[in-house]
Every structure is written in C-alpha cells, then in structure tokens.
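Chain by chain, the residues:
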Amino acid sequence: MKRAWQIMCLAFVAAAIVTLVSSFGYPYKDRLGPGPGFFPVWLSLITGGLSLALFAQVTWSRKAPFSQGSPLPENRAGTIRIFIILAALAGSLAFLDLLGFRITLFLFLIFLPLALGMRNWVIVLIFSLLGSFGVFHVFYYWLKVPLPMGVLGF
Amino acid sequence: METLQYWIQGFTVATQPVNLLYAFIGCILGTLIGVLPGLGPAAGTAILIPITFNLDPIGAIIMLAAIYYGAMYGGTITSVLVNVPGEAASVITCLDGYQMAKQGRAGPALGIAAIGSFIGGTFATMALMVVSLPLANFALRFGPPEVFALLVVGLSLVTGLSGRSLLAALTMTMFGLLLAMIGMDPVRGAPRFTLGIPPLYDGVGFIPVVMGLFGVGEILLSMEAPVLEIIKTKLNDLWPKREEWRVSAGAIGRGTLIGFFLGLIPGIGAIIPTFLAYVVEKKVSKHPEKFGTGVIEGVASPETANNSYANGAMVPLLTLGIPGSPTLAVIMGAFIIHGLTPGPFLFKERPDVVWGLIASLYLGNVMLLVLNLPLVGFWAKLLEIKYQYLYPGILLFCILGAYSLNQSVFDVGVMVVFGVLGYIFRKLDWPLAPTILALILGPMMERALRTALEMSGGDLSILVTRPISAVLLIIAVIVLASPAVRLFGKRAGKDEGG
Amino acid sequence: MKTKISILFIALLLCAVAASGFAAEYPTRPITLMVPWVAGGGTDTGARILAAVAEKKMGQPIVVINKVGAGSQVGCTELARAKADGYYLGCVSLPALNTIILDPERKAAFGIDSFLPIINQVLDPGLIWVKAESPYKTLKDLLEDAKKRPLAVRASTTGILGDDHMAIIMMEEIAGVQFRIVHFEGGAQQLTATLGGQVDVSFDNVGSVMTRIRGGQLRGLAVMDPERSKFLPDVPTTVELGFPTVISSSTRGIMGPKGVPAPVVKKIQEVFLDAMKNPEHMEKMDKAGLAVKPIMGEEYIKYFRNLQERCKSLVDAARKAR
Numbered sequence: 001m002k003r004a005w006q007i008m009c010l011a012f013v014a015a016a017i018v019t020l021v022s023s024f025g026y027p028y029k030d031r032l033g034p035g036p037g038f039f040p041v042w043l044s045l046i047t048g049g050l051s052l053a054l055f056a057q058v059t060w061s062r063k064a065p066f067s068q069g070s071p072l073p074e075n076r077a078g079t080i081r082i083f084i085i086l087a088a089l090a091g092s093l094a095f096l097d098l099l100g101f102r103i104t105l106f107l108f109l110i111f112l113p114l115a116l117g118m119r120n121w122v123i124v125l126i127f128s129l130l131g132s133f134g135v136f137h138v139f140y141y142w143l144k145v146p147l148p149m150g151v152l153g154f
Numbered sequence: 155m156e157t158l159q160y161w162i163q164g165f166t167v168a169t170q171p172v173n174l175l176y177a178f179i180g181c182i183l184g185t186l187i188g189v190l191p192g193l194g195p196a197a198g199t200a201i202l203i204p205i206t207f208n209l210d211p212i213g214a215i216i217m218l219a220a221i222y223y224g225a226m227y228g229g230t231i232t233s234v235l236v237n238v239p240g241e242a243a244s245v246i247t248c249l250d251g252y253q254m255a256k257q258g259r260a261g262p263a264l265g266i267a268a269i270g271s272f273i274g275g276t277f278a279t280m281a282l283m284v285v286s287l288p289l290a291n292f293a294l295r296f297g298p299p300e301v302f303a304l305l306v307v308g309l310s311l312v313t314g315l316s317g318r319s320l321l322a323a324l325t326m327t328m329f330g331l332l333l334a335m336i337g338m339d340p341v342r343g344a345p346r347f348t349l350g351i352p353p354l355y356d357g358v359g360f361i362p363v364v365m366g367l368f369g370v371g372e373i374l375l376s377m378e379a380p381v382l383e384i385i386k387t388k389l390n391d392l393w394p395k396r397e398e399w400r401v402s403a404g405a406i407g408r409g410t411l412i413g414f415f416l417g418l419i420p421g422i423g424a425i426i427p428t429f430l431a432y433v434v435e436k437k438v439s440k441h442p443e444k445f446g447t448g449v450i451e452g453v454a455s456p457e458t459a460n461n462s463y464a465n466g467a468m469v470p471l472l473t474l475g476i477p478g479s480p481t482l483a484v485i486m487g488a489f490i491i492h493g494l495t496p497g498p499f500l501f502k503e504r505p506d507v508v509w510g511l512i513a514s515l516y517l518g519n520v521m522l523l524v525l526n527l528p529l530v531g532f533w534a535k536l537l538e539i540k541y542q543y544l545y546p547g548i549l550l551f552c553i554l555g556a557y558s559l560n561q562s563v564f565d566v567g568v569m570v571v572f573g574v575l576g577y578i579f580r581k582l583d584w585p586l587a588p589t590i591l592a593l594i595l596g597p598m599m600e601r602a603l604r605t606a607l608e609m610s611g612g613d614l615s616i617l618v619t620r621p622i623s624a625v626l627l628i629i630a631v632i633v634l635a636s637p638a639v640r641l642f643g644k645r646a647g648k649d650e651g652g
Numbered sequence: 653m654k655t656k657i658s659i660l661f662i663a664l665l666l667c668a669v670a671a672s673g674f675a676a677e678y679p680t681r682p683i684t685l686m687v688p689w690v691a692g693g694g695t696d697t698g699a700r701i702l703a704a705v706a707e708k709k710m711g712q713p714i715v716v717i718n719k720v721g722a723g724s725q726v727g728c729t730e731l732a733r734a735k736a737d738g739y740y741l742g743c744v745s746l747p748a749l750n751t752i753i754l755d756p757e758r759k760a761a762f763g764i765d766s767f768l769p770i771i772n773q774v775l776d777p778g779l780i781w782v783k784a785e786s787p788y789k790t791l792k793d794l795l796e797d798a799k800k801r802p803l804a805v806r807a808s809t810t811g812i813l814g815d816d817h818m819a820i821i822m823m824e825e826i827a828g829v830q831f832r833i834v835h836f837e838g839g840a841q842q843l844t845a846t847l848g849g850q851v852d853v854s855f856d857n858v859g860s861v862m863t864r865i866r867g868g869q870l871r872g873l874a875v876m877d878p879e880r881s882k883f884l885p886d887v888p889t890t891v892e893l894g895f896p897t898v899i900s901s902s903t904r905g906i907m908g909p910k911g912v913p914a915p916v917v918k919k920i921q922e923v924f925l926d927a928m929k930n931p932e933h934m935e936k937m938d939k940a941g942l943a944v945k946p947i948m949g950e951e952y953i954k955y956f957r958n959l960q961e962r963c964k965s966l967v968d969a970a971r972k973a974r
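Residue numbers (our numbering), protein chains in the order written: chain A, 1 to 154; chain B, 155 to 652; chain C, 653 to 974.
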C-alpha cells in the first residue's frame, strides 16, 4: 500500500507539472485582475506541493496514514469480474452511436449476466430485452428523452 | 389577519380533488425521475413541461413543484441503495447512507430520510408563509462578493471530511479544482484545457464525474467480493432504533435551519446546505470518527437540509421572482408559459395561485411521506436481486442517465473513465467527496470572484469592505486553521507528556 | 401464364413500393429541434411553444432537446456537424452566434457559412432597465451620471459578447460615456443583482423583464428599436431619445446545417410559418412577452450576414477593453 500511495503522489506531481506548463499558455493577468491563466498556475503549484508533502509523509514519517491492506483486488476471480465489467462498458462506448441504444444495450445485458456466471438463458434474454428495447420504448416514446440511434437508423 | 385568510383560501384551492391528483402524480413522477441517475430534476422537469401545457395554470404549477421536491427524495433512494447520487443534493447522503445499506440497514436510512425530508420541507413551507418578503430582501444583499466568500467557507469545510489523511483530502480537493478549470473561463469566455474537444467547452460535466467516481467505482469495487453483497433485510429492521431516533432529532433540527436559510440565497446550489449540515452534525457529535461508516445522523442531516433547502428556495422565487437554481428556472419558465410571472406582482394579482401553491407544497410534503414510507421495504428488497442482474441493471441506468444529459456518448465515456479512477482511489482509501465538492464549487467561485472584480473595477478590497463577505471570509480562515491548531496542540501536548 | 402474370404483378408492386419509398415526403420520422440554451429560458420557452404547435401540421413529433454550454457554442457546434437532411434543426439566437464566430479566442469550429438560416421566430428588442427604486428616472439621468462618473456606473449584461454587451458598447461610443461593465450568466442572475443593488443599470431584452416592468418591480428606460414595444408602450425608444443608431435586439430562429435540400427547407418554412401565425402560438408568446417576427429565406440569410458585419467592430472594441 505504501508503494501505491507513493506512485499516486508522483502521478499527481506529474499531472501538476503538465497543467502548470499549459497554464503558461493563457494570459496570467487581465485588466481587472486574475486572467484565465492565474488560477491554473497556482492550483497546479499547490497540487504539486501537497503531493510532494504527502509523498514525504508516506515515505519518511513514522505515523503512516495508509491502511495495511493491499491496493490490488483481493483475488483472481475478483480481478476477472472487474475486467468483465470494464470490457462491457468499453464495448457500450464503442458501439452506442454505431449500433444505437437498443442493440448495444441488448448485447450489454446479455453479455454481463452470462459472463458473471448466470446460466438461465431464458431469464437473461427476458432481462436484456426489457432493459434494452423496453427501457428504450419508455424513455424515447413516452418520456421523449432522445436516445442514440445507430447508423441503421434504428 | 390577512395571512390567515390567504392561507385558508390557499388550502381551499390545494385540496380541490383535481389539484390533489396533480400533486400526487407529480410526487410519483418526481420520485421516479430522481431515482434515475443522471436524469436530474432540471432535465426531467423540462421533459414534463409539455405535459403540463394542457393543464390549467394552477394545476400545472402544482404538479411541477411536486415533481421538483419528489425528485429530491428520489435522488436519495439511489444514493442509499447503490451509491449513485442522482444529483448534487444527494451526494452527501451517499457517505453514510450507502454504508448503512451495506450493513442491511437501508430501511432505517430511507425511513429517516423520508421523515427528515418531511419535517424539513414542512417547516420551510410554514416559514415561507410567515416571513417571505423581508427575508428575501435581506438575501438579495448576497451579491457576487458574498457568494464568493460563502463558497470559500464551503470549500474550507473539506477539512471536516478528511478521514485518515488530511493531505490526501487536500490533494483530492485540488484535483477537483483543477478539473473545474476545464472549459470556458469566466474571464474571456474562451476555452481552457479543452484539448480541442468541443464537448469539453462547457467543462467536464459534474454528473458524469460523480456517477463515475461514486457509482461505477463502487460497482467495480464490489466486484471483488460480490457474493458477500447479498444483503438480507429483515422486516423488523426497517425502522430506526430508539437511540437512532434521539440523535436524529438533533440532526433534523439543525438540518432544517441550515437548509432553509441557505435556500433564501439564490444561486448557491444544493450541495452547500447538505454539506454544511453534515459537517456541523459531525462537529457536534459525540462520535465524529464514526461518520462515514454508517451513522444515521449522517443521513438525517443532509436529507433534511436538502428538502428544507428546496422549499426555502421557493421564497425568492415566489416573492421576488428569482429562481435560485436551474430547476426552479424551469418551473419559472412554466409559470411564464402559462402567463404568470412570479414576483410581488403575482402575490397581488393572483393570490389564489401563490397561496394555492404554498398550501400544495405543504400537502405535497405529506403525500411524499405517505407514498415513500411504505415503499421503503420494497426498495430495500431490491438490493436482494442477484448481483449478476442488479449491477448490470444499475449500469444500464447510469449509461442512460449520462447520455441523456447532452445526448452525447462523450459524457458516458467521462463516467467510465472516472469509474476507473474512483475504483483506484477507493482502493487507496483517498476520499472522493472533496473532489466532487471542489468540482461543483470551483467554477462558481471563479465566476463569483470575477464578477465581484468587475463590480469593483478590479479592486480586491471589495471582499473585505463589505460586511457580510468579510465575516464569511474570517469564518473560512478559522475553519481552515482549526486542523492546524489541533495538530500543533497535539504535538505540544506530546512533547510535554513525552 | 398465371405464374408470369403474378410475377409481373409482384414486380410492379415492388416497383411501386420502392418508388413511394424514394418519393416519400419529408418528414418520415421525428425531427429534433436543438436549443443551445438552458431549459426554461427565453429561447427555450419560445422553441417549445413553437414545436408544440408546429408538430401538428408537420405530422411528426418535434422533439426539443437542450445542448447547453459556452453561450450556445456547444449546441451550435453540434448543429454545424449534423446531417443536412432536415431532421436536426437548431433554435439559434443572434447575435450570439455571430460573436462566437467573430471572436478568435472562442476557437469556433464553424463559420458563417456552416449554417442555413431557415425561418426566424422571435425578435426581442434590447431594453435598458433599472429597479423601481433607482434614482434614474430617464435615460438622460443615466447618461448624465455616467458622464460625471466615468467607469463608475455599473452596467450589467446577461453574457460576455452577447447582444446586451454590444449594446452597451454602442451606447458608450455614441454618448461618449464609459460604464463599468459587469457580466452575468443569464437573466435570473442579472435580475437578482439589480434588485440587490449590486449594479446600477441593466441591459437585456424586452421579453425577459416585460411582466416585471408592467408590475412595477422594475422601470424601463429605453427600448433599443425603431418602434415602441407593444408590450411596453410607455417606454420610449432610443430613436425618440436622440440615439437613432443604438439599435439592438436578440433574434431566435430555426437554422439547419448548410446543405439542407431546398424542398425540405420549403416544407419547414411552410409548417413553421403557419405555426407562428397560429392564434394559440401567438397567445402563449404574448403571455411570455416574446414578440413574434417571422423572417424567411433570403431575407433571413441577409439579416444574418448584415449582423455579422455590424458586430465586427463591436467585438473588436469589446476585445480591446480586456
């Protein structure tokens, strides 16, 4: 965990440096006071400072603020499940505009329960139909909330 | 007494069967809209305006107001059950509410939320009837300098959420502030840090970020050990325990006052009252370290505050015609479409509309309570659905909600990215609430400061020469300095003892 | 023989179906009307009223969506990139769109040629107003005070580089005064600030504050239009008061991305013009204080381009003051 905290602190420091450099591209002062670049400059400096302070505290202070656990998922099965969810989410992002809401979520809702271990195809099918086509109908036709249509216009 | 006469007249209007029906439908629709994450009250209300086109003005406005405060409660349900706040007002409720749900205590959490909301809302409505105009005029003295100072106080309250590491909390706050810099700056209206991506011109939306950090992140986290997540709720566990009632009473009282008075100040948004109420509650509590693990006051307090705020925000709307939030602006738009302009004019010309609405607010609060208390058991049982269906279902609504904000897949992408970040931060035990707070308050602060400088012609001293803002800034300094004082105090004590 | 006839019959039937498919009249599915402003505001209110009336004659639902952000830049970017088939339209506000294009710092992803103005709905004249308790009873009072105290009288707008901002700059140039300009985001903030005494005078449009002026909460000093507003017959125009060039207004109309086919444009104009003249539409718009002024086709396109020219110098002046 200590290593994880250190890495995160350094990541923040890096992000702060990048932001600081880009902030120089915006006017610092303005006729009336702080320009668009003013706050980003100071915020990135403070962020960098705080992250370095935290890094120092984690590395060298006797009283460590972090817990004893591990920053990684507890077991392999858990890691796999997390990746399944992420894969499904990534897929939905990729296909939402291409295939439209109904088809994308239909696939999403079939994939997830099955990948997570459900075996009853009938229930999965009903679930995904209700969740994709059913929900679409309620929202698009009844509530008039625009939802993505795919290239097939569907 | 004129007010009494108006009050009676108002009740006569509000209790007409058709108006009662509209209020009832509004409560149900509002709760449903609030339950759907991402489809916040503003968007939901806008969708429903066309429905109300065909109703008479009083009925339409009663229904819209019912939808508005119904949605406040709906947002609570998702915050407690699945850690996905429907909108800004429900974010703080996640902190203790969701923890309670994980311990099988979703019932008491939702129950106390319903009761607290009822008490807060009712008090606010009664106060509205009695004190409207002078209070509203006082609140008008909150110009940009005062709003800036108040926001600084709000941000300084972050120190109350620090958990195990103050430095980590402060870093997360900075993270939120940096995220808030993305988008059009308030100075020149030119894009900043947008990497040329048009959807970012308006900033990285707060709702996709919070849905990602809190909701998706939580789902990823629970994927590690989901078998343990089947939460059985016993029926007699649906009600808060006796000591919980006792501590909640104080929380509800404090939350009501904080929410109402902040509701009078237009434009500060619902997160400040809920956040302030929570931090105050933590500070007066005998066991502050338990906050965040599932204490009932941690739910009672923000929930009461948010309904009290919602009803309190009606004061500037009805007395001066100033909508305090985007949702109220939508309701005001509905007023206008029906040919009514809220404000002192309306009080004189159409007291039946105004007092009818006020009476209906009171009745609506009762209706919400009656509707929602029995449903608490139902909502709690929902958590028993197998996780292989429950979580995909929740994700479905998150995707829907995020997309519906701007009809853009980009927002869904933001949500997913922040979901991953949320998971990482949770594993590291770095607090997420400060980031959200900073993300909401940051842009408001920069704009308020900028406008204050425009008013003073570039003179920063306007912040301290005006009495209200000066006082607020002093409070902020005190709040920020207090952890440092405690630290020094401890060290000094240690030296003496050691 | 029978088989040949039936085949021929089926073939003819298929041809007829295909032909009717191609000749299918616009619209064959719902139309999206995108409003790049917040729900409940002036533009949004007008658009929703119009959509509700027009969809009856259009034969298909007209779904109003809001794509808010960056003073309509976010929504207009979407509009410029939308497919030019007539199913995605925008309710665009001018001169907001013009100033976005003219200000290089806004880095607009579109230009004046990216849009096709189809038909205008509202022309909301600019209005200079103060709260009822203000010491300024006439425009003359305001300008005298502004001359006496340069850069001290606080004048507010509802957005940087919006029509209000342009109007203030015009007034400054003609009357030889300098205001301290304060920008708010939208009418609600401006109203709060003015009532609270945070600013001294406000520039906005008739529609936003008309009912409050009639109710006595606010006072109108001047309407920035050649004619008096029918909603505020007692408020003099800038022309009457000796400033004939200080004319400003905000228009809202339907635009599509460039390249929408002519027959589709014609149908849209037909249906919406009809809707605008419809008594239900007029009544609701009147209640909202929005003056309906249909401008179609070539005239609207010319208006858009002329406005671009007029705004160029004003935007430059505004930018120099930064």
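Note that these hints are calculated values from the structure, not bench results. Beta carbons are placed, not taken as given, at the ideal position from N, Cα and C, and that holds for glycine. Be aware that one or more of the hints could be misleading.
Stated by the list, open to error - Now the in silico label distances, taken between C-beta atoms and shown as ranges:
| hint | chain 1 | residue 1 | chain 2 | residue 2 | range |
| --- | --- | --- | --- | --- | --- |
| 1 | C | G711 | A | I17 | 44 to 50 Å |
| 2 | C | K800 | B | V618 | 42 to 48 Å |
| 3 | A | I17 | B | I628 | 31 to 37 Å |
| 4 | B | E443 | A | G134 | 41 to 47 Å |
Hints and how they fare:
With their beta carbons about 59 Å apart, G711/C and I17/A fall outside the hinted range of 44 to 50 Å. Remark: the range hint 42 to 48 Å for K800/C to V618/B is contradicted by a beta-carbon distance near 28 Å. The beta-carbon spacing between I17/A and I628/B, approximately 35 Å, falls within the hinted interval of 31 to 37 Å. Taking 41 to 47 Å as the suggested C-beta distance range, the pair E443/B and G134/A conforms, at roughly 46 Å.
Comparing the model with each earlier hint shows violations of hints 1 and 2; every other hint is respected.
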